[in-house]
Each structure stands twice: as C-alpha cells, then as structure tokens.
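Trainee: For chain V, the structure is supplied; the task is to place chains Y and E on it using the hints.
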Amino acid sequence: MTQVDTFTGNRGLDIEEKLIFEQDSPGHCGVDLPEPAIDTLRLGGVKPRARVGLPGLAEPTVMRHYTRLSRMNMAIDTALYPLGSCTMKHNPRLNERMARLPGFADIHPLQPVATVQGALELIDTLAHWLKTLTNMPAVALSPAAGAHGELCGMMAIHAAQEARGEGHRRRVLVPESAHGTNPATAAAIGYTVDAIPATADGHVDLAALKAKLGPDVAAIMLTNPNTCGLFERDIVEIARVVHEAGAFFYCDGANFNAIVGRVRPGDLGVDAMHINLHKTFSTPHGGGGPGSGPVVLSAALAPYAPISAVVHDADGFRVAEHVGRPGAPQHSFGRLKAFHGQMGMFVRALAYMMSHGADGLWQVASDAVLNANYVQARLKDVLTPAFDNGYCMHEALFDDRALKDTGVTTLDIAKAMIDEGFHPMTMYFPLVVHGAMLIEPTETESKATLDQFIGMMRSLVEKAKSGQAEWFKGAPYHAPRRRLDETGAARRPVLRWTPAAPLAQAAE
Amino acid sequence: MSTIRFTEDHEWIRVDGNTATIGITDFAQKTLGDIVFVELPEVGRKLAAGDAFGTVESVKAASEVFAPVAGEVVEVNEELTGEPELVNEDPTGEGWFIKLKLADASAVNALMDQAAYDKHIKDQN
Amino acid sequence: MRYLPLTGDDRREMIAAIGAGSVDDLFRDVPQSARLPGPLTELPPHQGELEVERALGAMAAKNVPAGSVPFFCGAGAYRHHVPATVDYLIQRGEFLTSYTPYQPEVTQGTLQYLFEFQTQVALLTGMEVANASMYDGSTACAEAIMMANRVTRRSRAVISGGLHPQYRDVCRTHADFTGFTLDEAVPNPDGVEDLAGRIDDQTSCVVVQNPSVFGHVHDLSALAEACHAKGALLVVVVTEVVSLGLVTPPGEMGADIVVCEGQSIGNALNFGGPYVGLFATREKFLRQMPGRLCGQTVDADGKRGYVLTLSTREQHIKREKATSNICTNSGLCALAFTIHLSLLGEAGFTKLARINHAKAVTLAAKLAKVPGVAVLNDSFFNEITIRLPKPADQVIDALAKRRILGGVPVSRIYANRPAFADLLLVAATETNTEADIDALCAGLSEVL
Chain V
59 MTQVDTFTGN
69 RGLDIEEKLI
79 FEQDSPGHCG
89 VDLPEPAIDT
99 LRLGGVKPRA
109 RVGLPGLAEP
119 TVMRHYTRLS
129 RMNMAIDTAL
139 YPLGSCTMKH
149 NPRLNERMAR
159 LPGFADIHPL
169 QPVATVQGAL
179 ELIDTLAHWL
189 KTLTNMPAVA
199 LSPAAGAHGE
209 LCGMMAIHAA
219 QEARGEGHRR
229 RVLVPESAHG
239 TNPATAAAIG
249 YTVDAIPATA
259 DGHVDLAALK
269 AKLGPDVAAI
279 MLTNPNTCGL
289 FERDIVEIAR
299 VVHEAGAFFY
309 CDGANFNAIV
319 GRVRPGDLGV
329 DAMHINLHKT
339 FSTPHGGGGP
349 GSGPVVLSAA
359 LAPYAPISAV
369 VHDADGFRVA
379 EHVGRPGAPQ
389 HSFGRLKAFH
399 GQMGMFVRAL
409 AYMMSHGADG
419 LWQVASDAVL
429 NANYVQARLK
439 DVLTPAFDNG
449 YCMHEALFDD
459 RALKDTGVTT
469 LDIAKAMIDE
479 GFHPMTMYFP
489 LVVHGAMLIE
499 PTETESKATL
509 DQFIGMMRSL
519 VEKAKSGQAE
529 WFKGAPYHAP
539 RRRLDETGAA
549 RRPVLRWTPA
559 APLAQAAE
Chain Y
12 MSTIRFTEDH
22 EWIRVDGNTA
32 TIGITDFAQK
42 TLGDIVFVEL
52 PEVGRKLAAG
62 DAFGTVESVK
72 AASEVFAPVA
82 GEVVEVNEEL
92 TGEPELVNED
102 PTGEGWFIKL
112 KLADASAVNA
122 LMDQAAYDKH
132 IKDQN
Chain E
2 MRYLPLTGDD
12 RREMIAAIGA
22 GSVDDLFRDV
32 PQSARLPGPL
42 TELPPHQGEL
52 EVERALGAMA
62 AKNVPAGSVP
72 FFCGAGAYRH
82 HVPATVDYLI
92 QRGEFLTSYT
102 PYQPEVTQGT
112 LQYLFEFQTQ
122 VALLTGMEVA
132 NASMYDGSTA
142 CAEAIMMANR
152 VTRRSRAVIS
162 GGLHPQYRDV
172 CRTHADFTGF
182 TLDEAVPNPD
192 GVEDLAGRID
202 DQTSCVVVQN
212 PSVFGHVHDL
222 SALAEACHAK
232 GALLVVVVTE
242 VVSLGLVTPP
252 GEMGADIVVC
262 EGQSIGNALN
272 FGGPYVGLFA
282 TREKFLRQMP
292 GRLCGQTVDA
302 DGKRGYVLTL
312 STREQHIKRE
322 KATSNICTNS
332 GLCALAFTIH
342 LSLLGEAGFT
352 KLARINHAKA
362 VTLAAKLAKV
372 PGVAVLNDSF
382 FNEITIRLPK
392 PADQVIDALA
402 KRRILGGVPV
412 SRIYANRPAF
422 ADLLLVAATE
432 TNTEADIDAL
442 CAGLSEVL
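Protein chains in written order, with the numbering used here: chain V, 59 to 566; chain Y, 12 to 136; chain E, 2 to 449.
Isolated chain V, as found in the complex (with noise of 0.2 Å):
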C-alpha cells in the first residue's frame, strides 16, 4: 500500500480529482445563454422531456477539472512513447493553427462549392502528395481511421473482382503476425481468412504463401514493413505471385513511416494501401482519436473508389458525391462516410507535408530507421531481439528470451518503464513472438532521449535478472495510479456513473 500523509490524498501537483457528476452544482451552468422567448412549441405532441441528469458547473471548476485529469496523462510532449507501429512522433502546433483557420474550421460540408474552393483545393492538393509519395494513380480520401481505409480498401477489391466474373474469390491469405484489423476487416465482408506463416527469420514464408495461391483467392493482405519491424525482401515476388494467380495485393500501411520519401509502395507492385494520417502524417493521436485513413489504389481498383470524391477541371474544384455523377468514381462501390472526409486531419496532414518535403519526409524515414536500428543495437546483449535479421526498419522487435527464469515478464517491464518517465512499448504484439516488445523511436527523439532509454531498459534487464521479481509486481509504484485490476472491471462492468440510491431506500 503507497502511503499518502495528506489531508486531501493529494501529492503536491498530484492531484485526485472525482467525476463531474460528483461535483454537481444545480442550477449551476458554465455558459451564460439568454432565456429564450418560447410561448409555442412545435415539437408535434411529442412531450419536452423532464430532465435529463446532467451536473451543473461554473467555468472555472470545468477549467480545473479537465485540466486535473490532463495531469495523469504521459503523451509525446512529455516522455518517449516508443509504441511499435503507432508511429508516436511530435505533434506540431502549426497543425493545430492552420486547422482552426475560420477558413478551414468554420465551412459546412454542404455549402455550395463555390464558396469552399480552397478547401476542395486543399484537399486535391494533399490527395496529390499521397500519390506522389506512394506512385499510385489514384486515392480515395473519405476513410476515417486506419481500419476504415482497410475496408475501404477491401470493398473496392471485392468490388472490382465481381465486375471481372471473378466473385468466387472469397479467401484472403493474411499473416499470422498482421495486425487484428486486417483479419476483422476481411472477415466483416464476408471472406475466409487464411493465415500464412512466418520464416524463422520473422518475414512471411514465400514457400507457403504459394502454396496457399489458388483461383478462389481474392487478397493478400500485408503489411509492409511487416509487424516485426522488418522489410518483406521477397515483396516484389511476393505481389508478382499473387497478381498471376489473379489476386490483389492490399497493403497495411501502417508502418510506411519507415519508407515515405524514399521508397514508393506503388513500385512494389501494391493495389491498395491505406496511410494513417495519425501515424506517418503527424496529426494528433487525441487520447485514441480521431484517425484519418487515407487509401491509395492502383489504375485497376480506381473505378471502383467510394463517394465523396473531389473534382478538379478546368472550371475549379467539385465533389462529386453521387454514384453515377460526372466525376465520380466509374464503378464506385458506394459510400463509406457521410460528407467528405476527416478535413481536420487532412489540414494537419498537409502543413506537415508541407512543413518536410521531400527532403524533410526522406530525412524522416533515414532518422526514424536509423533511431530504431540504433536502440536495438544498444540494447542486443541484454535483451534477445526476436529474429536474427541484423537490421530492423523503424522498429526493433524483442521477445521475452532474456527475462527466462527471472519471474519478470513483459508487462512487469512494461510497468517498471513507467517509473522511469517512460511510456511503455508495445507488448505482446505481433502475436506471433513470445512476451514481444516492440519499440518504435520515430524520428522526432533526439539521441540524448535515446541514450536515456537504453540505459532505463539495461538497468532494468539487470534489476530482473537479480531476482527482484516481487519488486517488479508492485511495479508503477508513482503513477497516478497502481496496476488496476481489469479482471474485476470485465467481470461486473460499471461502465457509466450512476447516482447513489437515496438513504431511505438503502435503510430498508
């Protein structure tokens, strides 16, 4: 049990804060509205409701409360937040400015498109970027998250295949350390996942992914680099392989931020790849949102692209919006989204781009694989890196090899990280290593930053392998709070705050 020695259970800037439900004030209201003069209602005999529950508060204690709660977040502008595949580099504030640009911020998706050129400029402009990064012909911009550009992806597959005749493909080959969303998504429309296995070196078995082509095989889904943090060498074969057998090659962008700049994914023979504007692209990460999933296709799954798309010919900039409309996609599937797509993010997205060029992002993919290899360098002897590759792309892979007969495992790392100022790593994933660690750097972490790390994460090997196991359990012990226990919370869920029941009803 930490012992606390205050009155209030707080610690100096460490502050305990309750739900604003419990700090209800009623009557209380944090805005100042006039009193509408309202003598009719229209609301068609439907009855105004009673109430509805909420608390009241002033300005100032939604002001202290929100800001109390920020105080028990680690994020990128305050520590390393080395999480394999999700890409945790700097946020730049110019994104936020010229996002909230009234001209950006404040225009409605429906406003006629004379009035919001420049927005449907903005967006061909970074639609342009995209596809110049990546050599694609073609990009459909409405995905909202990473997983939605996934679908997106698939759907247009799956689309493009039943106007060739070709509808009876309804396996997808996946490998068995993809990320979880490859196989739901390919799930979601209804095909069979078929997993593929990895070589002992951690890239996809090239052998056994032949073996697995056939003529009812719609899409391989890879990610490349792969979840271990390795570049798929065999790639080239790889899509060649699967557009002989009639297939197409979808690919998880998820780790491009290893490559933009300096290799194209177009050139290696890819249909469709979605990009995380959240990950390669800079913009916020939120507390879990909101993504943009942008996806780039090839010539052949352009047609096929969803609705809204934006236009640009010779009398200004369009959206088409309609499936069968002048500038629509030929055969679009349909549509993904209402509207048009995460503007916010492609604004950020595009004063980042803007912000590196093409010397900036080819300098972000050398720094961000350079980070990487030099961490798993420092860090080799001590820990066991998963697959004997020499080099890694952004992220270095460790498995759980060292900490054998310790007592400690991953997580007890994990949370001891988290004493030392650090954001844990990715653990347990990809699935297919034992007690896996991944660790992605970005480009953003100066060696200083790095140098720190590798020195936390050795002492800590060390520290586990002096038989401190119990230490380790009880480990965050200055975290705002302890380990909390998640069985309870999944056993009987308490998902929502709920008043306590009067006192005469408990007395009975």
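Please keep in mind that the hints were generated in silico from the structure rather than gathered at the bench.
Some hints here could point you the wrong way.
What the hints assert, rightly or not - For the chain V half of the interface with chain Y, some residues (derived, Cβ under 7 Å), not all of them:
#1 Glu544
#2 Thr545
#3 Ala548
#4 Arg549
As the structure is a prediction and not an experimental result, all values here were calculated from the model.
All C-beta atoms, glycine included, are put in the ideal place defined by N, C-alpha and C.
Mentor: Chains Y and E only, in chain V's frame:
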C-alpha cells in the same frame, strides 16, 4: 458410476447414463488466467462432435469451447453469467458449462482418460 | 529541419554504434529497383512555418466561413457556439498528444473523461449504456444495424424514409458487402410513413431518424412496441444532438439502440470531419456493442480508477470474430463534447435546446410570410423543409452571390429525385440573429 474423459482442447466430459456434463479442465483455466465471461449456447441446440458451442474469455483472450461428442443441450450453467470466476475456482465442479443429452453415449470411449490426458498435458509442456 | 533533433554528429556516432557503413545499409532489404536515388523532385523541398502559413492561408481565404455571413445550413452538421474553454483544454499536450489508454496507470486523464462521456451519452439518449465513441453518426448507424442483426440473428433492416440519405448510403454499402438487406421506405418530406406495416419476423430492426432529415419530430413509442411485438429492435438516429435537450429521448420512447452525430456539441463544422459518433444501447445487449468501452475499477491501493474493458469484443483479440473491425474511436472530439456538455450542464443544455427551437419557430414563421415559400413541417426542432417556386439549388447559388448561405437544397443529398428539386432544408441555431433571419427572408424575396 460416472465416466470422465478429456479432449485435446482441454474440455472434460462426465457421463452419467445418457447425459453428460461438460466443462474445461484445471489446466485450461490456469492457462487462460482470470475468466471474466463465459458465453453459452441456448438450451435445445443440437451439437455435433467438434462443434464450437461457446466461448470463454479472460481479459486479454477469448477461446472457443468445443463439444467432445454429439448431443443436445439440455441445461446450461446460469451461475456463470454472474460469477464467471467459478470456472477458475472449481473448473470440474461448480464451473461446469453445459449438460448434453447424448446422441451416442459410447462415443465417449474414444476420448482420453485421466491418465492419457495427464500425459497429454505433460507432452505439451 | 525543425522537427528532426538528430545532428550530423549524432548520426555518425549512431551508425558506428550499429556497425553499419551508412544509413543506406539499413535499407538493404529494399529491392534495388524500388530504392529512390534521392528525395522526390516532383514535390517541393521543406519550408518554414511562415511559408506554410502563407500557402495554406491563401487556400483558406478562398472559402466563405459560416460565421462571416447569415448561415442556415444543417442536413446533418450544425453550427453551434463552442465556448473558448473547450479549445484551450483539448489542446493541452497531455490530451492532444496522448495515445489510446492501453496503459491505464498513466492515462487516467483520458479514461476518466471517457467514463464521463459514456455517462453523458447514456443520460442524453435515455439509454443504459454507451460506448467511448465511433467515427461519426453515419458509420455508427451502419454498426447499429449490424449489431441488431447479431442480437436478433436476422438480417433484414427496415429503413425510414426520414433517414439522412448519406447515412442510408453508408448502410447500403455495408449491406451490399456483408450480405444483409435493407427494406427502404420512400423519402418523405411530408413526414408521413407507415413503418410498422413493414415489420415481420425476419426484421432485425427498424431504423428511424428523429428529428428526421426533413426536420419532423415524432413520438416513436408505438413504433417501438410494433418492433418488439415481432422480436425486432428499434434503432433511433439523432443527427442534431442538441435536440435531446428538449425532445423526449429515444430511450424513453422504447429504443433499443441509439446512435447520434455528436458534432453539434464541442466540435466545429470542419467541412464534414472529424466528427464523433455516439452509440448507446440496453445493458442486456452490452456484449454485442462495437467500439471501445471504459469501465470503473480499483487499483492495487484500493483507489478508484478506470480501464478499457470488455476488450474481447474487439478486433485485437477476436480478430476475424470481432463485433466490428473498428480500432480508433474519436478521442479528442469526444473530449470536446464532454467539456462543452460539462460547461452547459443541466440548466445550460436544456436552455440551449429551447433557444434553438425558439429560433426555428421564428424562422418558420417569417419564412412562411415570404411570397412563394411554403413551410412543410408541422413539427420540427431546429430545422425545417420549405418548398420554393424555383429549383432550390439555383436559389441557394443566387443567395450565395448575395453572401447568404441559405440552407441545403434537398437535391444536394438526394440523387435522381426531380420531385425534390424545389425543396430546401433550413436550420437555425443559437448562432443565428434576428438580423440573419431577416436577411434570409429579404434575400429570398429578391431571388424568387
């Protein structure tokens, strides 16, 4: 005298005449960790041998449970809805999952007995 | 380059420590044919903030911001006033640059606001439980149908003619690819339809928007009973969430699943995204609900805390058997929603709703007096459908030239419906002044 048998996927089945009770073994519950939820089939559902009839979930994983032999579901353990921890605490007793009316009681004989199952676990490790 | 901290010396030291000759060596697994020789020449080189601001500012200046003119566009996205506090708080680095709270010990900030958000959504919708948000209202609507299909084990959804056509289109896309069917009622600007007659024992759910896309407000209690009598679920869609401060919530009308577009609270118009989908349902359907969930628990010291829970529904565990492929939620937009709603509170939120309705009442009364204009709605919250004597899109373009954004032509959101050519959707919120409404009426008088 009831017969108890085991499957390779770590289900146990205890046969009394023409009905059988099915659950997961102690080894299974240890491997899964704290069980937080058990999904059970509807009474009346007919199962073939090897059919998935439910799932058992821990915080970080979900596993399917398979019918060792064919039969019709005649009872499910309602207690598990509110107390999934029974599976951890008493996997072969109060943590039972379903009761089947067996299509063919002799089908059970093809499954592993206690000695064979114990060896199976040892070999897995 | 200002975002890249490594120096030339750093890079040299690090390459040496790695034991490679150069950074290019690290890319050795990339096929030679795919290695670019240098930075792409088709794209410009790096620029400072000043240049980027200039370029993007020029693009922004070509747009007409809603706040700069009399503005009456709705049709699923509404302009409300967001208090200054909201934007300052969501830009705190600990909120803006944090990740999904997978390490709960150091993300209690995110988890606690998600718990508050879930509670607020349940209260607003009158339902028992809500998730930690979806991408937006339209995708949440499609997810609701798929959830109803799972719960009822049926695969036909009845769709009201009053559902926003873009929401309907998203549902159609999922239906086409996932293999369920939609029984669509004809779009009904007059607000009249018989949905109960379409329900049979193959119906998984009836999807109805309230207020409808044409603005009509209905009591759905009878429809809820008709659904339940046949074992179907009632899914209610709310695109203007401020209406929940005045209109009886769907939960009290018998809804089984409620999905909303939450943009109206805390979030700017943003040309259509990012928005925030709200999703609420009954406790008994909890395990079929898609999306993230935040639950209350205790830590090793016995202190109350919060964690993401019931994760086994989700893609990272169930993979191909997941309830949905969704991974991201709408995090920061949900936070903005929570903060704005906390500022409003009971008194403010209900008052805001009444102000919106009052503005629309005034708007309807004044528009009805413009020669040639007919108001179709008997009932509405803050948006109405009017019939014009000319095609609405021409009228809107003419108004735009007079610097008035007068609404959304119904033909903009419906393809191939010539009968709707003269219909216009007009919304009013607390941001509209009397002068705005008068300007719209004067503009219409000139243009019609």
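Trainee: Is the interface hint satisfied for Ala548/V? The criterion is a beta-carbon contact with chain Y at less than 7 Å.
Mentor: Interface hint status for Ala548/V: holds (4 Å vs cutoff 7 Å).
Trainee: Classify the hint on Arg549/V as holds or violated, based on whether any CB of chain Y lies nearer than 7 Å to its CB.
Mentor: OK, holds: Arg549/V within 7 Å of chain Y, min 5 Å.
Trainee: Please check whether Thr545/V passes as an interface residue: C-beta within 7 Å of a C-beta belonging to chain Y.
Mentor: holds (4 Å)
Trainee: For the hint on Glu544/V, just tell me whether its beta-carbon gets within less than 7 Å of chain Y.
Mentor: holds (5 Å)
Checked against the numbered hints above, the structure violates none of them.
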